[in-house]
Amino acid sequence: MSWPCSLRSREADMGVRVQTADFDLATEYQRLRDESGQAGAIATFTGLVRDYGDLQDVRGLFLEHYPGMTETVINDLIQQAHKRWHIQQVQVIHRVGELLLGEQIVFVGVSSAHRTDAFAACQFIMDALKTSAPFWKKELTDAGEHWVEQRATDLIQAQQWDQDD
Amino acid sequence: MSWPCSLRSREADMGVRVQTADFDLATEYQRLRDESGQAGAIATFTGLVRDYGDLQDVRGLFLEHYPGMTETVINDLIQQAHKRWHIQQVQVIHRVGELLLGEQIVFVGVSSAHRTDAFAACQFIMDALKTSAPFWKKELTDAGEHWVEQRATDLIQAQQWDQDD
Amino acid sequence: MSQPIQVHVKLFARLREELGTGDLTLALPPGSTAADALDQLAAQGEPWQQLKGDRPVMLAINQAMAKPVNSLQDGDELALFPPVTGG
Amino acid sequence: MSQPIQVHVKLFARLREELGTGDLTLALPPGSTAADALDQLAAQGEPWQQLKGDRPVMLAINQAMAKPVNSLQDGDELALFPPVTGG
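Taken in sequence, the protein lines are chains Z, H, L and S. Residue 73 in my numbering is what sits at position 54 of the first sequence, and the numbering runs on without skipping anything. Residue 36 in my numbering is what sits at position 17 of the second sequence, and the numbering runs on without skipping anything. Residue 100 in my numbering is what sits at position 34 of the third sequence, and the numbering runs on without skipping anything. Residue 123 in my numbering is what sits at position 57 of the fourth sequence, and the numbering runs on without skipping anything.
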């Protein structure tokens, strides 16, 4: 979770954004394409707000995070991905604040010469982000609010990366 | 590889396009988003023309296919993915004809309630397409042309889906 | 003796280029297999002999992947092509 | 006896709401661990006792994940929060 400040700040400029504003997949994809010299493969993942089933009539979410630590954790995941796979560019965007059903929450995009590396790194970053980046979701309903509890399946999904490959 | 004609033609309208024209990721992504009711996850893969290393100074590719069989094979892969994972919408686009370095060749997009299903189905379709859909690449260089030979790693990558999950 | 069957042969990619055609019609005895069709084509001499050579030739009958042992019916479409390299 | 150390405590999400604050400063004896900080906070009575209750509390020291046995230095930032639910 620690590295020289120069590396950390360079990566933070390039690869991680935490923001209340929505993002545009086309813009992010085009940047990955432009900044990757000989990429043969770009994998993207976008998470959307859906009804998580804890409560009825969810109209949206409120997302809180831990400014500073969030960026550090995600940059560390990107560094880990660079060590494990041959990848070129990575972009992670996570929104915070109030988001309605159907809105975009999170984006992970990875470019690589090879599709298997792009897929693996994209999925690894997304799985690890869900269990280690300090974000918290609160479900908003007409009847009230409710903090979402961590799902055991997310922990299992993230742990698989410690075992295979 | 066979099913009732009604199913086949419905799927062909929805999910598979073989075309010389370029495609727009943003349009395809938006359609997956619009046509998926409660999708929580959209995974996309885009393949780009790169130098495959068989020859020097590759300036592009020429892609040939077997009209009719191509669509049948890809529709069958989409059906297999629907049986194996909980997914909502799938879009596959494959370009044919002459494509220059850096151009988009192939797109696979999958929406699902869950990210693991979206990732798995997207990667399965892409891996299987590379070894079973009748497309052939010819590398174009200033010195001449050269049909690309199938890579053993693609066969191994596709075979893994027969073993795990 | 019964009438020969007609099989529509399609060739793709390197095979189409090296054999100089993408479409032809073959007359075969009833009960013939895809292997019989390959034998008859290869018997025409170079460059057709490569269909029985070292480089792999993939087969599809009526647009579904097939094997040399699969039999052919009158009017079938038999496609011959190198291993695929799409995506 | 040496001077107490000052630790900046940050609380997030459900803990921030239920404890009614997101930031506080704690004075602890030198050599204290994160567990000691939790004990001192929980000793304030309800609603602080939940920090020693059944529901998991995650810890970060200076923005890196930490464990109760990790020791604290003067000026450290100690964050307490529920298991994360992002993405």
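None of these hints come from the bench; they were simulated from the model. All C-beta atoms, glycine included, are put in the ideal place defined by N, C-alpha and C. Please note: incorrect hints may appear among the correct ones.
[To be verified] Calculated pairs, DSS-like style, for lysine-lysine (alpha carbon to alpha carbon, straight line, at most 27 angstroms):
#1 L:Lys118 with H:Lys157
#2 S:Lys118 with S:Lys76
#3 S:Lys133 with Z:Lys157
#4 Z:Lys102 with S:Lys118
#5 Z:Lys102 with S:Lys76
#6 H:Lys157 with L:Lys76
#7 H:Lys157 with L:Lys133
#8 S:Lys76 with S:Lys133
#9 S:Lys133 with S:Lys118
#10 L:Lys76 with L:Lys118
[Unchecked claim] Computed spacing ranges between beta-carbons, pair by pair:
#11 Z:Arg78 with H:Ala40: 20 to 26 angstroms
#12 L:Gln72 with H:Gly56: 33 to 39 angstroms
#13 Z:Gln178 with H:His105: 31 to 37 angstroms
#14 S:Lys133 with H:Glu168: 50 to 56 angstroms
#15 H:Arg170 with S:Met131: 48 to 54 angstroms
Each hint tested on the structure:
1. A C-alpha spacing of about 23 angstroms is found between Lys118 of chain L and Lys157 of chain H, which places the hinted pair at or below 27 angstroms, so the restraint holds.
2. Distance check on the hinted pair: Lys118 of chain S and Lys76 of chain S sit about 17 angstroms apart at the alpha-carbon level, within 27 angstroms; holds.
3. Among the hinted pairs, Lys133 of chain S with Lys157 of chain Z is consistent with the structure: their alpha-carbon atoms are about 25 angstroms apart, no more than 27 angstroms.
4. As the CA atoms of Lys102 of chain Z and Lys118 of chain S are separated by approximately 38 angstroms, the hinted pair breaks the 27 angstroms bound.
5. Taking the CA atoms of Lys102 of chain Z and Lys76 of chain S, the gap is near 32 angstroms; set against the 27 angstroms cutoff, the hint is violated.
6. Of the supplied pair hints, the one linking Lys157 of chain H and Lys76 of chain L holds, its CA atoms being roughly 19 angstroms apart against a limit of 27 angstroms.
7. Of the supplied pair hints, the one linking Lys157 of chain H and Lys133 of chain L holds, its CA atoms being roughly 25 angstroms apart against a limit of 27 angstroms.
8. About 16 angstroms separates the Cα atoms of Lys76 of chain S and Lys133 of chain S, which keeps this hinted pair within 27 angstroms; it holds.
9. At most 27 angstroms may separate the alpha-carbon atoms for a hinted pair to count; Lys133 of chain S and Lys118 of chain S meet this at roughly 14 angstroms.
10. A distance of roughly 17 angstroms separates the Cα atoms of Lys76 of chain L and Lys118 of chain L; the hinted pair therefore holds under the 27 angstroms criterion.
11. Arg78 of chain Z and Ala40 of chain H have their C-beta atoms about 40 angstroms apart, which leaves the hinted 20 to 26 angstroms range violated.
12. The hinted window of 33 to 39 angstroms between Gln72 of chain L and Gly56 of chain H is violated, with their beta carbons roughly 50 angstroms apart.
13. Gln178 of chain Z and His105 of chain H have their C-beta atoms about 22 angstroms apart, which leaves the hinted 31 to 37 angstroms range violated.
14. Distance hint check for Lys133 of chain S and Glu168 of chain H: the Cβ-Cβ separation is about 54 angstroms, which falls inside the suggested range of 50 to 56 angstroms.
15. Checked against the hint of 48 to 54 angstroms, the C-beta distance between Arg170 of chain H and Met131 of chain S comes to roughly 41 angstroms, which is inconsistent with it.
Hints 4, 5, 11, 12, 13 and 15 from the list above are not met by this structure, while the remaining hints are.
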